[in-house]
Structure formats: structure tokens, C-alpha cells
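There are 2 protein chains.
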Amino acid sequence: MSLSEFELIETFLSRLGEQRDDIVLGVGDDAALLRPPPGLELACAADTIVEGVHFPVDLSAEDVGYRALAVNLSDMAAMGAEPAWALLALTMPRADQEWLRRFAHGLHALAREHGTAVVGGDMSAGPLSATLTILGFVPAGQALRRAGARTDDEIWVSGTPGDAAAGLAALTGALEAPPGVIAPLIERFRRPRPRVALGLVLRGIASACIDVSDGLVADLGKLCSASRVGASLDSTCLPFSAAMRGAADPVKARRWVLAGGDDYELLFTVPAGTDCVSLGRSAGVDLTQIGVIESRASVRIDGEPAAAELGHGFDHFAGTPRRPG
Amino acid sequence: MSLSEFELIETFLSRLGEQRDDIVLGVGDDAALLRPPPGLELACAADTIVEGVHFPVDLSAEDVGYRALAVNLSDMAAMGAEPAWALLALTMPRADQEWLRRFAHGLHALAREHGTAVVGGDMSAGPLSATLTILGFVPAGQALRRAGARTDDEIWVSGTPGDAAAGLAALTGALEAPPGVIAPLIERFRRPRPRVALGLVLRGIASACIDVSDGLVADLGKLCSASRVGASLDSTCLPFSAAMRGAADPVKARRWVLAGGDDYELLFTVPAGTDCVSLGRSAGVDLTQIGVIESRASVRIDGEPAAAELGHGFDHFAGTPRRPG
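Chains as they are written, first to last, in our numbering: chain S, 145 to 469; chain V, 145 to 469.
To be clear, the hints were calculated from the coordinates, so they are not data collected in a lab. Just so you know, not all the hints are guaranteed correct.
Each pair may be met inside one copy or between any two copies, as identical chains are not told apart.
Cross-link-like lysine to any residue pairs, in silico, SDA-like; alpha carbons within 20 Å at most [stated by the list, open to error]:
#	residue 1	residue 2
1	Lys396	Pro449
2	Lys396	Glu195
3	Lys396	Cys420
4	Lys366	Ala452
5	Lys366	Gly170
6	Lys396	Asp378
7	Lys366	Gly172
8	Lys396	Pro322
9	Lys396	Leu315
10	Lys396	Arg164
11	Lys396	Gly424
12	Lys366	Gln163
13	Lys396	Val429
14	Lys366	Ser148
15	Lys366	Arg159
16	Lys366	Gly183
17	Lys366	Ser158
18	Lys366	Asp430
19	Lys396	Gly172
20	Lys366	Arg335
21	Lys366	Thr155
22	Lys366	Arg246
23	Lys396	Ser442
24	Lys396	Ala451
For reference, chain S alone in the conformation it holds in the complex (with noise of 0.2 Å):
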């Protein structure tokens, strides 16, 4: 039977998620209708991933729905905000059922386990792409943002990032190892974990904060930059996974962990001496200090300027992606 893009809407992206009791109306009108609790601020971002992009054109369709909101779960994360609201645009070359119910099913489980309900959904034909715009809650004055890192703050990161780079490589043919070896990397890749328990966590105590997405040394950058300081890391106290261990020789496992950015990490700082451990433990998630901010712009690694090429981390306008591997 073929449905129209209401009843596409109305079946496959109407009550996806959380239900929550601050929806005054969801999917099927002309917007939806929300209670946003009093004296909160409402943190809100939006982000599009394309097919060929963001993703390989093999992705399975759960993936798809899993990545679209992770990576606007992770931007509240980023924020120390609490996710709450989800509106979906969705453009799909036909209508094909059976891949929108299993993106459908990707989405929804990842957004109930994070509170967050489905309250807007939009069809259109096209390329394969999803947009997601994610709307939360944060006690005002207390969100983590880029600005307000200061010199001697330590430079801290959650999990091994550059894994979900290197299960990419692995994806596409670009990194050859045994299946055991590569099938960590390449779950870190298709079901990145958005951190927004330790966002929660770091509120009041981080001094700037951002999500690795584009990669740990280009996402470093734009903190700093938005700090007005710059950073030293100590490459020996990069965080590198077993399965990064055992699947990369280590000068390609080294750049991923630096430029590859799709693990959707938190990178923070603190003044020195917080007890990040304590506090990685109760998010569930080891962190690691890998440098101290300082007050000369630029980011160093081990005392030399970082290369330009790590910089630059994934730029989509760039060419070439300018993944490592």
C-alpha cells in the first residue's frame, strides 16, 4: 500500500521516544505545542547528517536513526544540558516502508533512553539526509559552553576518541585487520555514545567544554579560540582503545585519536587539580588529562605547533574528507 507523506509522518514518526507529560500536542499539526519548564534556559542545536557525508551509503537504516540523534544528543551533552525535545526532518529519495520503520526503531530506542520524545517530523523527497534539532533544558547561567577556559586549566577527554574514525576506515576498505579486531571500532562508529551524563556532571565545574565532532585538535582549536588561549598536549597521555591498539600501526592510530572526530567525546577543561576521576566515575566514563591550557595561541603538541592538517579535522567543504587513514 502506498502511503502519503502525512500518513508516512503519522505512522513512522509520531511517537517515537520518550512520552513525556510537558507535550501539550506532538506530531500532526502545523507545530507542535511544548511547556518548557519555568526558570530554565532552553538549550537548542541543529545538525544534518547526508548519505555519502556524514555516513556511508551502506549504513543500515537503524544506524542512520541511531547517528541522527546522537550527534544533537551530544551537542546537549556539550552544553551540560538536559535533553528533553526532538523535531526530525527527514529527506528520503522514495518512500521505502520497511527502511523508515528501522530508522525509526534506531531513533526511538536511543531517545528513550535519554528522556528525549519525537515532537515534529518533516518528509520530503530527495537525497538521503536527516535533520535533527534538539531542544533542552539548563539551570540558567550554569551551561558549559567554548569561552571560559584560562590559562593553567588542564585539558581533559572522555573515552578513546579516533576509534569511531578508524571503524569508518574499517567500513569503507581503508583500515584491514581481523573482524574481532575491527568490530569495536567499527560499533564505536555506527553507535557513538553521546556523554550528557557527564555534561550534567561538569556543570559548575568545567570552565569551557565542546563535543568532539570534527576532531579532538580542530574542536580543541575552536575552544580556544573562543577562550582567547591556547593549548599544550602531552602526546604520551593520549587515551588509545585496545582496539586502536591492536588494529593501526601506531603514527595512523595516533592521528585518528587526534583528528578523527565522529566518537562524539567530550573535550574540557578544569582548573587544575578537580578530581576528574571521581567524576568520569560517576558518569560512566573514563576521562583522561591530555594538556593545560596556556595563554600563547596556538595548540602544541609536545611542545611543537600542531600540524595544520590536524587542524583542520573533518571539514565537509573541504574536498577530500580530511580524515586520517
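Mind docking chain V on chain S? Use the hints.
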């Protein structure tokens, strides 16, 4: 000079529209931070426009920017909401700075007119499309909805629907007439006027409301379906613009009025006897009664069931767009 994605957003997509003092943090961090007014409901909607689907490939950058926002402002109008903030996710094949400047210009002017600020921006490489998410306010319980029309309510429409569809036909060569006759129709497609002021005036008065994005009969069908009623239209009451009368024969004109949708007029119902002419005057737009709500669940025109092709409107997944002409 080649700018990065980050720099393109900073240069072209920040500071668009009104500078509002309820914006704590705008474009440039991982999320925007906003201060919703206490006690109001938040109305939000997202819509994508895709080149070659929602607008022809040679539409000017200014018009694309204008239309991207206009279709969303129309959603606010249809809910009786006051627009406030917008997030823009733009996908384009290459970083064409001149196109971006002009796109931003077209969007900026309309945003200012409606007191709306662009608070978030995202840019991706990919086929040209723009997804805009709009956020606005409405007093609790006062939003206009599709559900609510009751038997014997009058059905009214703003302006002269169909003009934009005729204008699009003129742009694509499907309608030929002297330039002076066609120009106002093309203008209606290029620059639809979102009926925000009318939506505000209709609060507490209209029993149901929808914007005509897919076609008058198609959208009336949605309103009726949500309200669990039917409708009877009187074709002798349909509002035809002078331009439409001059450019198209009566058969084509009737089809455009009934099934064209790109004008973004408001279609709404009111209790019999409501002084809509005065309401229209205060909102600065002509209003026309075109029918009445009935209890039996169908849309009829002059007593006959509406032809199926009128009711489909513009369905992006229905193969050839079902536009008349």
C-alpha cells in the same frame, strides 16, 4: 579565500534576523541558549525545502532564503503563535560565498519583519536544501489547531490561494501569458506572505486552522479529518485574484485555487456569524468564506465529492507532483 564550514557559519549565518534580548547565547557554540517567557507554551515546527522538489533549480538565492523561513513562519501563523527563534541547517554542494550572502540576505529581511532571530546554524556538503526549525510562543490553551471544527462552522480562507501554483507554472514554462499578467503570480510563489498577524487575531475565535501548504482541498481534508467532520465548499465563492483571472482559463484557475498550495494562506473555521471581514481588516488581509463544515466525513464541492486528484495536493512521494498545469 576559502573559508571552513565553521567560518562560513560565523560569516553568513550568525546575527541573522532580529537581535532579541531573550537570547543568552546565539550561533557559534554547540547549542544556543534561550530564555522562554514564563507561562507561555512553546510552539515549534521544522520544514525542509529541497531544490528541484520544493523550488525550481534556478530560483534566486534570496528567494530560497526567504522561502525557507516563510514556510516555517506560516506554521506559526497556523497555530496562532508569535515566532521568536529559528535554527537553520543548510546543505549545499559547494561553499559558494556569494550564493550564501544572498541567501542570508533574503532570510534576514523576512526574519526582521517578524521579530525572529536565527539562533543556530549548521552547514553540510550535499544537494541544495534548507531545513529550518522555528520556535514561537502562544498563551497556554490558546493555540489554533486542526482539530476543533464543528458542524455548521463557516470555512474561511485568507488571500487568493492558487496564485503561487500558477506562478510556479509560469516559472517552469507550464503557463504562458504576457509578463505583466504573470509577474504578480510569480511574485506570490517567490515571496509568499506568512499570515502571522492573522493567526494572532484568530486566537480564541477560530475553531480550527491550518495553513494551505499542500493545496486547499488537501489541507481542508486534514483539518476535517483532525476535527472528525466534513466540509461543503461553494465554488462560486472561491477567491480568484485579478492576475489569476487574467492569466489562466477558468478550468485551470479553479484547479490552482483548489489544489495549489505554495501561497501559505490560512484556512480556518469559525462559528457562524463571526465578523471575519473585520478580523481580516485588522490583520491586513482579505478573508473569504468558501463553505461550511458538515457532519458527514467528506469534502464536497457544490454538493459533489471533491475529485480525488484535488485532495492529494502536493505529495512529494507521489511521483510526478500533482500540481495542476
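At most 20 Å between C-alpha atoms: does Lys396 with Glu195 qualify within a copy, between copies, both, or neither? Classified as neither: same-chain Cα gap 25 Å, cross-chain 39 Å, threshold 20 Å.
Have a look at Lys396 and Ala451 and pick one of within, between, both or neither, based on CA distance no larger than 20 Å. within (14 Å within a copy, 64 Å between copies)
Up to 20 Å between alpha-carbons, please classify Lys366 paired with Arg335: within, between, both or neither. neither (25 Å within a copy, 38 Å between copies)
One pair to classify: Lys366 and Arg159, alpha carbons no more than 20 Å apart. Within, between, both, or neither? Only across copies: Lys366 and Arg159 sit 19 Å apart there, 37 Å inside one copy, limit 20 Å.
Should Lys366 paired with Arg246 be assigned to within, between, both, or neither, using CA atoms and 20 Å as the limit? neither (36 Å within a copy, 27 Å between copies)
Between the shortest in-copy and the shortest cross-copy C-alpha distance, which are at most 20 Å for Lys396 and Gly172: within, between, both, or neither? Neither way: Lys396 and Gly172 sit 48 Å apart in one copy and 31 Å across, limit 20 Å.
If the cut is 20 Å between Cα atoms, do Lys366 and Gly183 qualify within a copy, between copies, both or neither? neither (30 Å within a copy, 37 Å between copies)
For the identical chains here, do Lys366 and Asp430 meet the 20 Å Cα criterion within one copy, between copies, both, or neither? Intra 23 Å, inter 51 Å, cutoff 20 Å: neither.
For Lys366 and Gly170, with the copy left unspecified, which applies at a CA distance of at most 20 Å: within, between, both, or neither? Intra 36 Å, inter 16 Å, cutoff 20 Å: inter-copy only.
Between copies, within a copy, both or neither: which fits Lys396 and Asp378 at Cα up to 20 Å? This pair counts as within: shortest intra-copy Cα distance 17 Å, inter-copy 72 Å.
Within, between, both or neither: Lys366, Ser148 at alpha-carbon 20 Å: between (44 Å within a copy, 12 Å between copies)
Lys396 and Cys420: within-copy, between-copy, both or neither at 20 Å Cα: neither (28 Å within a copy, 70 Å between copies)
Of the hints listed earlier, those the structure fails to meet are numbers 2, 3, 10, 11, 12, 13, 16, 18, 19, 20, 22 and 23, in rising order.
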